[in-house]
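Colleague: Sequence:
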Amino acid sequence: MANTRVAVVRAGGYGSPELCDAVERALDLLGGLEQFIPRGAKVFVKVNLLPPPSPPERAIITHPAFAEAVLSLLREITPHITVGD
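Under the numbering used here, think of the first position of the sequence shown as 2, with each following residue one higher.
Some hints here could point you the wrong way.
To be verified - Just the calculated beta-carbon pair ranges, DEER-fashion:
(1) Leu31 with Pro56: 28 to 34 Å
(2) Gly41 with Ile61: 29 to 35 Å
(3) Glu69 with Phe37: 15 to 21 Å
(4) Arg59 with Arg26: 25 to 31 Å
(5) Val9 with Arg59: 19 to 25 Å
(6) Asp22 with Pro54: 26 to 32 Å
(7) Gly41 with Val9: 26 to 32 Å
(8) Thr79 with Arg11: 25 to 31 Å
(9) Gly41 with Gly16: 31 to 37 Å
(10) Pro57 with Arg11: 15 to 21 Å
Just so you know, the hints here were simulated from the structure itself, not pulled from any lab data. Even for Gly, the Cβ is constructed at its ideal location relative to N, Cα and C.
Sequences and hints are given; from them, build the entire structure.
Modeller: And the structure:
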């Protein structure tokens, strides 16, 4: 059985300017984003969208601020990003 690696990093909240830094720190603890996604790769990001009313505060969808933080980091290694559900 393979070992599972988990990174837990505290962020100031979804409205916090440190959110992207926290996501990047978590990925760095796991070996960096390029450990999982090669530079220039085609990437599909599934963000768990649901029809309204599904406000982010109910925590049943991926929070838009978290998705944006992940997308920001992905844009640094590839322009080939598709977002969907």
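Colleague: Hints first: check each against the structure and report whether it holds.
Modeller: A quick look at each hint next to the structure:
1. A hinted range of 28 to 34 Å for the beta carbons of leucine 31 and proline 56 is consistent with their spacing of about 30 Å.
2. Roughly 34 Å separates the CB atoms of glycine 41 and isoleucine 61, a value that falls within the hinted 29 to 35 Å.
3. Under the hint 15 to 21 Å, the C-beta atoms of glutamate 69 and phenylalanine 37, about 19 Å apart, fit the expected range.
4. As the Cβ distance of arginine 59 to arginine 26 is approximately 27 Å, the hint placing it in 25 to 31 Å holds.
5. For valine 9 paired with arginine 59, a C-beta distance near 23 Å keeps the hint of 19 to 25 Å intact.
6. Roughly 31 Å separates the CB atoms of aspartate 22 and proline 54, a value that falls within the hinted 26 to 32 Å.
7. Between glycine 41 and valine 9 the Cβ separation comes to about 30 Å, which falls inside the hinted range of 26 to 32 Å.
8. Range check, threonine 79 to arginine 11: Cβ separation about 28 Å, and the 25 to 31 Å hint holds.
9. Checked against the given bound of 31 to 37 Å, the beta carbons of glycine 41 and glycine 16, roughly 32 Å apart, stay inside it.
10. Our hint of 15 to 21 Å for proline 57 and arginine 11 holds, since their Cβ atoms are close to 19 Å apart.
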